[in-house]
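Line by line, the protein sequences are chains H and F.
So in the numbering used here the end of the first sequence lands on 540, straight run, no missing numbers.
So in the numbering used here the end of the second sequence lands on 540, straight run, no missing numbers.
Source of the hints: derived by calculation from the structure; they are not laboratory data.
Any given hint could turn out to be false.
Copies of the same chain look alike in the list, so a pair counts if it works inside one copy or between any two.
[Claimed, not checked] Within a straight-line C-alpha distance of at most 25 Å, the following computed PhoX-like cross-link-like pairs (lysine-lysine) qualify:
hint: 1; residue 1: K215; residue 2: K230
hint: 2; residue 1: K146; residue 2: K463
hint: 3; residue 1: K364; residue 2: K93
hint: 4; residue 1: K359; residue 2: K264
hint: 5; residue 1: K521; residue 2: K93
hint: 6; residue 1: K252; residue 2: K264
hint: 7; residue 1: K230; residue 2: K264
2 protein chains.
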Amino acid sequence: MRTNKEKENVYPVLLGGQFRQANYRETFQAYNPATGELLPETYPVSEWPDLEYALEESHRLRLELASCPPERIAAFFDLYADLLEKNKEAIVRQANLETALPLEPRLNSSEFPRMISQFRQAAEAVRERSWKQAIIDTKLNIRSIYGPLGGVVVVFSPNNFPLAFNSVAGSDLISALTCGNPVICKAHPGHPGTTRLMSELLLEALKKSGLPLSAVQMLYHFKNEDGLKLVSHPYVAAVAFTGSKKSGLALKEAAEKAGKLFYGEMSSINPVFFLPDILKEKARSLAAELFTSCSLGAGQFCTKPGLVVILNDEAGENFLRELTAIFSSQPAGILLSPAVLENLKTAANNLKEAGAKLLAGGQPLPPPGFRFQPTLFSVPAAKFLEKPGLFQTEAFGTLTLVVLAETREEMLLVAQNLEGSLTCSVYSSLSEADEKFYWQIEPWLRLKCGRLLNDKMPTGVAVTSAMHHGGPFPATGHPGFTSVGIPTAFLRFAARHCYDNVREDRLPEELRTKNPNGRMWRLIDGNWTQGDF
Amino acid sequence: MRTNKEKENVYPVLLGGQFRQANYRETFQAYNPATGELLPETYPVSEWPDLEYALEESHRLRLELASCPPERIAAFFDLYADLLEKNKEAIVRQANLETALPLEPRLNSSEFPRMISQFRQAAEAVRERSWKQAIIDTKLNIRSIYGPLGGVVVVFSPNNFPLAFNSVAGSDLISALTCGNPVICKAHPGHPGTTRLMSELLLEALKKSGLPLSAVQMLYHFKNEDGLKLVSHPYVAAVAFTGSKKSGLALKEAAEKAGKLFYGEMSSINPVFFLPDILKEKARSLAAELFTSCSLGAGQFCTKPGLVVILNDEAGENFLRELTAIFSSQPAGILLSPAVLENLKTAANNLKEAGAKLLAGGQPLPPPGFRFQPTLFSVPAAKFLEKPGLFQTEAFGTLTLVVLAETREEMLLVAQNLEGSLTCSVYSSLSEADEKFYWQIEPWLRLKCGRLLNDKMPTGVAVTSAMHHGGPFPATGHPGFTSVGIPTAFLRFAARHCYDNVREDRLPEELRTKNPNGRMWRLIDGNWTQGDF
């Protein structure tokens, strides 16, 4: 399955429908996070000519992709998923090597099946076509539908999901292609080998499906300034980014200034509120549940609970004792990279300096591997409220900050001073005890997040059309769009196309009198129907 | 109905639920465009403290508005529409005085009824609730719905629709309020008196409806730098702007850099393609149809055809002759302001200097009033293609540029070099003659515009959910959203709110088992239904 290494043993990039030697001056290697050592494979940092080549290729076929039959896109998703499944063992092994994420259950039984499920769901949604939200006014003969942007979509991979959020296999790729846009993928430098294996299968699937071979191109890495130049290039229509706030904001500014759409998932602290009475009922099991969520993927989830808010009463003290005991007794997970480790050290130091109290952990562990103790901080609500921004700095790793409120009013003040997050969770008593307080706090939390949870940790993100994985700035750039959930995630890369007085035989199939497949839902004169008209 | 004038005879602004004296150093007066003279009424240019006051007030009640029952918002729309209808004569007279737009049919029979219709349609949509697009996954107990942004929406009025696009009575206000957001309106300095009359009714309707009185506030004017400060203020969530590209881009950059949503309608050239055979069939009537569209509202429509593309054959020459005759013989309309007149002069000069040939008009008319001759230019396609950007500069006024292509290939090249527009129109023979060429040109036009028309001028924009009044950059900032069309226009100011495992009695009514009104469409487990589950 391997491509032959090019001279100098630097892996080629996927450009114009083939793996070609990159135009590069610098190279990089990924780490084995479990040993802390560099892996032997060498990958190129592409210079601008590679990016330009990719742009020209993508641009050239934008019309072909825009008019591509849905069946061909669906076939590509299925063929690609088939190939991924056939090569599961090699892919998962490589991902484990490059990320140290556990084979079981994470890679084998959770992330890989999720990646496959996304392709299968997408293939079905593409065939069914309801995602296009056809709206038809038969009286005025005006009809609208979602269609392609007519430009390139650039997708940036995050470090923390080498499979299901990989730029060459995740929801961004699926969504951009479904809408009929060519895609340029940037791998994450933490797992280039995983990306390489999947890209090879992607090219095979492109060939089998009959899609244009340059529909998806992939570069391993490029310089930051070339990234800014890329996202603001005239051929680009939209950008999908999942990663750090700093990089995200720089790309966002460059892209939007040039009139491009930017969808970024940039930072989220995911507050969890335990209302007073639930802690009286089951402090111990909730402490365990919280730790499990905080330490999932070694705390490297976008939805990791990074802030916990409780009342500093007897039940609260008891809960904090339980939590401290768990954080103190559990082993450290392995972090993805030296950068994540450094960032976590900085975060812990910043919290200390800002006056948070260290209750457990707080130190990196000696080699081998990038490890940091499970770390628990607490801070009085009054102190949190002095510098709410500082105490809400996201840090990957098993680290969380418990805010201790002296009164319910203080808890409410904390809620009011939250920044935008992907999620907010509220645990409360099943009795009536917490109900009144729930209704005081809920309206604030509702406006601070995309997904509000009851009695549940935020780390599971189900792939369903009812899911919303997004949230108010700075969690993302637009709180109306989700990056997870099919077909809802598609809409980020769609333009609205209206047809006014257009002759019946010139309309897209989906807007004609006859329903194109008897299954597509359409809004005809105010009524949703799967029928003709 | 008039508010008493404050001292110095400067009209007060609408802040915090009452008309108060503005904090101002400078004042302004509107023109009577028909005479070219200033009208006597004096309006304030607010200093920052007015903007800050408005922000504080709006911010204070964001939670109250976010949880406001739909019935109350619908009642406000109906009450406001009732009051507007009762005061139609005064409003329309004032609008005519300040804009010189004709009473008949424009203001009385077209724009006023359209404004009222928008409120009535909105009231119905708000009561029906389908716009919230509830998606429910009953198996996973995950549910999502559109809800408020949790911040202020700032609305900027354009100059060209004093009624139906006025910031205090148009689709932006309706949409922002429907989603539960407080609104700060900036009047257009061209028609402050019209805005004043409507704002007084707005306040009365707010009082009668029981909405918080600061839900909508209005300032007449402020400095550009204060506008930039306003749209990037922490309390602001989104901005709606309709106006010039220059102002729009400056506001867009400031807003987006601060993480705010920006919806701008900034510029559109609205190309009209006459395919070769249709011109052989009916050159004369098409020339008349084109002139009517170009001169509607004295050419001051966002959807005015500013570019016409034809084949330079015998039929094309004939068409151009007809068109020249009409442009040369028709009277000049009155322009909205000296600024529009200046801009039009500049546009005509730029076209001349760039090498376009003047076929009719081209000169301003002497006083009284702001008038410019109906103006027709032509340019060979080859020359257009040398500087396509320059030849696509939008200018309000009865001015259009005919691009003369020597071949069909050149027509296609022009299509390929278009910028994003709100609309593209194609006229073609009803016989098969133009069909093949239609299919060559359509894919390019489709990606360049929001609304594609057949055999129809773009200047009518019907208010229906199937309408799309938006388009690719630089026509607007996001091609997925429309500023006209109910309820589709609402979604610009909505965040997606997901409820994960939230207890039934804590869910918004729209997401509970029982359908809230038996009429709301909801997507339950993949099927649209008005039923319970």
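A quick look at each hint next to the structure:
1. Neither within a single protomer nor between protomers do K215 and K230 lie at most 25 Å apart by alpha-carbon distance, with minima of 33 Å and 60 Å respectively.
2. In this assembly of identical chains, K146 and K463 lie within 25 Å of each other by CA distance solely across copies; the values are 16 Å between and 48 Å within a copy.
3. For the homomeric pair K364 and K93, neither the shortest alpha-carbon distance inside one copy (50 Å) nor that between copies (65 Å) is at most 25 Å.
4. For the homomeric pair K359 and K264, neither the shortest alpha-carbon distance inside one copy (38 Å) nor that between copies (31 Å) is at most 25 Å.
5. For the homomeric pair K521 and K93, neither the shortest alpha-carbon distance inside one copy (39 Å) nor that between copies (45 Å) is at most 25 Å.
6. Taking the closest pair of Cα atoms, K252 and K264 come within 25 Å of each other both inside a single copy (18 Å) and across two copies (13 Å).
7. Proximity of K230 and K264 under a CA criterion of 25 Å is satisfied in both settings, with 20 Å inside one chain copy and 22 Å between copies.
Figure legend: structure checked against the earlier numbered hints; hints not met, in rising order: 1, 3, 4, 5.
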